[in-house]
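Quick mapping for you: the protein sequence lines, in order, are chains L and Z. So the first sequence is numbered by the working numbering: it starts at 1 and just counts up by one. So the second sequence is numbered by the working numbering: it starts at 1 and just counts up by one.
These are computed hints drawn from the structure, not numbers from a lab. Treat the hints with caution; some may be incorrect.
As the list claims (entries may be wrong) - Here are the in silico distance ranges between beta carbons for each label pair:
# : chain 1 : residue 1 : chain 2 : residue 2 : range
1 : Z       : Val-21    : L       : Glu-401   : 53 to 61 Å
2 : L       : Arg-295   : Z       : Leu-157   : 39 to 47 Å
3 : L       : Glu-511   : Z       : Pro-151   : 36 to 44 Å
4 : L       : Val-280   : Z       : Phe-154   : 31 to 39 Å
Beta carbons are placed, not taken as given, at the ideal position from N, Cα and C, and that holds for glycine.
Here is how the chains run, residue by residue.
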Amino acid sequence: MRARRFRGAAAFVLAGAFALAACGGDDDTAADDDGGEAGDSSLPVVLGTTDTVTNIDPAGSYDKPSWNIVYNTYQRLLAVPLGGSEPQPDAAESCDWDDDTTYRCTLKSGQTFADGSEITSENVVHSIERQLEIQHESNGWQLLTGIEEVEAPDESTVVFHLESPDATFPFILTTAAAAIVPMDYPADELQPNDQVVGSGPYTVDEFDPTQQIQLGVNENYAGDREVNNSGVILQFYQTESALKQAIEEGEVMIAYRSLAVTDVEDLEENGAERGVEVVVGEGTEINYMVLQASREPFDEPAVRQAVAQIIDRETIAESVYRGTVTPLYGPIPEGVPGHVPSFKEQYGEPDPEAAEQLLDEAGVETPVEFDAWWMPDRYGEEIGDMFGEIERQLEDTGLFEVNLEQLSWAQYAETFSDQSMDAFDLGWFPDYPDASNYIEPFYHAESVVNNGYSDDEMDELIDVMLTDTDEEARLDAFERASEIVAEDAPIIQLWQRDQIAAVREGVEGVEETLDPSFIFYYDVVSGVEE
Amino acid sequence: MSTRTAGSLRTYLLTRVLLFVPQVIVILTIVFVLMRVAPGDPVSVALGGQRSEEELAELRAAAGYDRPIIVQYWEYISGVLRLDFGHTIIDNRSVAEIFAVNGGATLTLTVAAFVVALLLAVPLGLIAGRFRDTPLDGSLRVFGILTYAAPVFFVGLLMQLAFARGLGWLPSSSQASPVVTARVPSQTNIFLVDALLAGDTAAFWNGVQHLVLPAVTLGLLLTGTFMRIIRVNLIQTMRSDYVEAARARGVSETRVVIQHAFRNAMVPFVTILGLQVALLLGGAILTEQTFNWNGIGSQLVRYLDSRDYIAVQGIITLFALAVVTASLLIDIINAIIDPRVRY
Numbered sequence: 001m002r003a004r005r006f007r008g009a010a011a012f013v014l015a016g017a018f019a020l021a022a023c024g025g026d027d028d029t030a031a032d033d034d035g036g037e038a039g040d041s042s043l044p045v046v047l048g049t050t051d052t053v054t055n056i057d058p059a060g061s062y063d064k065p066s067w068n069i070v071y072n073t074y075q076r077l078l079a080v081p082l083g084g085s086e087p088q089p090d091a092a093e094s095c096d097w098d099d100d101t102t103y104r105c106t107l108k109s110g111q112t113f114a115d116g117s118e119i120t121s122e123n124v125v126h127s128i129e130r131q132l133e134i135q136h137e138s139n140g141w142q143l144l145t146g147i148e149e150v151e152a153p154d155e156s157t158v159v160f161h162l163e164s165p166d167a168t169f170p171f172i173l174t175t176a177a178a179a180i181v182p183m184d185y186p187a188d189e190l191q192p193n194d195q196v197v198g199s200g201p202y203t204v205d206e207f208d209p210t211q212q213i214q215l216g217v218n219e220n221y222a223g224d225r226e227v228n229n230s231g232v233i234l235q236f237y238q239t240e241s242a243l244k245q246a247i248e249e250g251e252v253m254i255a256y257r258s259l260a261v262t263d264v265e266d267l268e269e270n271g272a273e274r275g276v277e278v279v280v281g282e283g284t285e286i287n288y289m290v291l292q293a294s295r296e297p298f299d300e301p302a303v304r305q306a307v308a309q310i311i312d313r314e315t316i317a318e319s320v321y322r323g324t325v326t327p328l329y330g331p332i333p334e335g336v337p338g339h340v341p342s343f344k345e346q347y348g349e350p351d352p353e354a355a356e357q358l359l360d361e362a363g364v365e366t367p368v369e370f371d372a373w374w375m376p377d378r379y380g381e382e383i384g385d386m387f388g389e390i391e392r393q394l395e396d397t398g399l400f401e402v403n404l405e406q407l408s409w410a411q412y413a414e415t416f417s418d419q420s421m422d423a424f425d426l427g428w429f430p431d432y433p434d435a436s437n438y439i440e441p442f443y444h445a446e447s448v449v450n451n452g453y454s455d456d457e458m459d460e461l462i463d464v465m466l467t468d469t470d471e472e473a474r475l476d477a478f479e480r481a482s483e484i485v486a487e488d489a490p491i492i493q494l495w496q497r498d499q500i501a502a503v504r505e506g507v508e509g510v511e512e513t514l515d516p517s518f519i520f521y522y523d524v525v526s527g528v529e530e
Numbered sequence: 001m002s003t004r005t006a007g008s009l010r011t012y013l014l015t016r017v018l019l020f021v022p023q024v025i026v027i028l029t030i031v032f033v034l035m036r037v038a039p040g041d042p043v044s045v046a047l048g049g050q051r052s053e054e055e056l057a058e059l060r061a062a063a064g065y066d067r068p069i070i071v072q073y074w075e076y077i078s079g080v081l082r083l084d085f086g087h088t089i090i091d092n093r094s095v096a097e098i099f100a101v102n103g104g105a106t107l108t109l110t111v112a113a114f115v116v117a118l119l120l121a122v123p124l125g126l127i128a129g130r131f132r133d134t135p136l137d138g139s140l141r142v143f144g145i146l147t148y149a150a151p152v153f154f155v156g157l158l159m160q161l162a163f164a165r166g167l168g169w170l171p172s173s174s175q176a177s178p179v180v181t182a183r184v185p186s187q188t189n190i191f192l193v194d195a196l197l198a199g200d201t202a203a204f205w206n207g208v209q210h211l212v213l214p215a216v217t218l219g220l221l222l223t224g225t226f227m228r229i230i231r232v233n234l235i236q237t238m239r240s241d242y243v244e245a246a247r248a249r250g251v252s253e254t255r256v257v258i259q260h261a262f263r264n265a266m267v268p269f270v271t272i273l274g275l276q277v278a279l280l281l282g283g284a285i286l287t288e289q290t291f292n293w294n295g296i297g298s299q300l301v302r303y304l305d306s307r308d309y310i311a312v313q314g315i316i317t318l319f320a321l322a323v324v325t326a327s328l329l330i331d332i333i334n335a336i337i338d339p340r341v342r343y
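Work out the full structure, taking the sequences as your base and the hints as a guide.
Structure representation (structure tokens):
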């Protein structure tokens, strides 16, 4: 009897296994087996990513993944429209300068948050004031420190009084730091992530940053953006390879940030037969090497210049990144008004003999030894290969001896600004598409990289960039600043990267949103319905 | 059962339960010491560079890291006794919440892997024992060694390449397709159960398909160990007098194995199950990473990456308690079913 039961159970298991294989054996992707709803017109956009979302209260984050959700769920007074480079009204009807330090905005009427409450100028005041009150450690609030006072003289008018003239202020109002929140958001602490309410095109329906964030369409949205889908699911993956598998299997419709270079290359070559297309948009992410100008060996300008003279960016772009990045020869990336290839103009082609001459003239003893630091878990898996290539290029000249060192980002982030590293890698995503955002944070006397570099002329130029509203004067300032940074070489820009996404066949709109603003507007994505 | 035997069983069970206490204390102490020998305090390590010294000092005081080590130790032990395993530093989640939210995925994976291991190991172990020293036995023994020795992530990658990428039969990551995950309301945090509660059989089937590859990968890790033990025990049992008696009565060899030897051969097998819980949980961490499975293992890796030692300490503590508790339960079951296990 027991033997019969055992045989019965075994037969059941075998039958189950065969049934499983048979059901999985057709040509459909796994996603199509999810209950036969592949053609359901209510399917939301599924976007896979390896990014990490922290806080989606605008006062609680200063990172691209979190800000991207803020951009899709909240309105700001101004926004940079798709493909544009200048701020345009979003929740505001209009904004303009009263004088050099007074900026006035008038809100559109009839706008509400997703919970139905009306948007008034008090909301804008509350949003700014709580940012400055909370002062979250992510430091996004620092974008707003130029505001001396913000007031709401009536329900639809907001007036900003600035501490000093700031030509970039309209851009700052386009950032997530200036997103408008309801009055019931606490003034001195963050709103829980699963209780956020905005007035943007989407609402946050479910929030689990370790697995999935679900966005629904905000029925109360009264802005100008047109939503072309029924919602968005952000699916998180732990590794780049898992993300690639997910797009190939049809589990996600879009894979965005980040696919490994080799995976991109594979999808470009073979993606079509798997129903996947690689979409490339203009990118303004940059990567650079900071040289510690505060002490030896890089306190000697000739040593920094020699490094700049030797590094071969073309080889890095081709051999390490397989052409997925563009060599960057100046502090401001191509595509952003103000770009000047100043390193190219200053140093020309990589030239070890010229580098040797620079060191000889300065009386520097060679080989110059230094530690170069990089992190494996922040800007892609290829950074290590890139530093291997930089080490090779420098050591092949016999002028340098490079010791490569690495740290995980958690340790790196707390170390790079304490001046303990001779040279170190960092990357930058712009807060807003203005050239000043590539100069001021790095070359001001109080720069974020804290490498001891300062220059009086540079500080004056930065003042012009930030305060002068004359576009010609600003462009002149960018050009001169680019010349100075190439000459002094406290930071050596290495590459800029396009934005890359992989999309399933039939998905549209992704190319449109991959613009220099670096904001992924989910509303433009369509084609997921049949 | 005689009075003497029953008394002996009671003594064994009482002793075993009493031993559980020092066992737990030793494990908790080891976890505490290991987490404290790392340089720097947990708050500085996780948040240093992101907050001012004053804020870090406040956080250290709030978490009790400015107190003497013995006080911290007592607070840790008393916290565990109150089932308070602390709050993570980077995202302020309670460790208990992590277990509640992510534990379902790990439980699903480990139970399924255990079932896979049993389904493979029992018949294969019996076959190997039955056909001892034949080429078939030799092949199965090699298979057992390979499954035990092969790294989980390597087996996982092979599975993904073969059944997801190559044949396209099964999905390679996550507990379910994203769209399916989104439509099933989370009630128990165990996806398959939630799908059934929602009456969504398509979602349930989707979950089963996603479970196959990780469960087989982790199950294979146990299969080798199980198989070898079942084989050895079967061989020993087959030499017993009562088996010889069965053969003498003309019972067929297959029937001897299944009806007479199998049950007794399984008794020692139960003993080693407790030890395998640790192997299973360790393997689950790697399996979850390989298959993007959102369980406790992947959370442990995430917090390790962020150097959130409070979270790591809490998760390891709970893992350790789970292993010790499982070991206790297995010992109790073993004592009940095997009269030889007595003091």
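Structure-based check of all given hints:
1. Our hint of 53 to 61 Å for Z/Val-21 and L/Glu-401 holds, since their Cβ atoms are close to 59 Å apart.
2. The beta-carbon spacing between L/Arg-295 and Z/Leu-157, approximately 46 Å, falls within the hinted interval of 39 to 47 Å.
3. One distance hint, 36 to 44 Å for the beta-carbon pair L/Glu-511 and Z/Pro-151, holds here, with the actual separation near 41 Å.
4. A hinted range of 31 to 39 Å holds for the C-beta pair L/Val-280 and Z/Phe-154, which are about 34 Å apart.
This entry satisfies every hint, going by the numbered hints stated previously.
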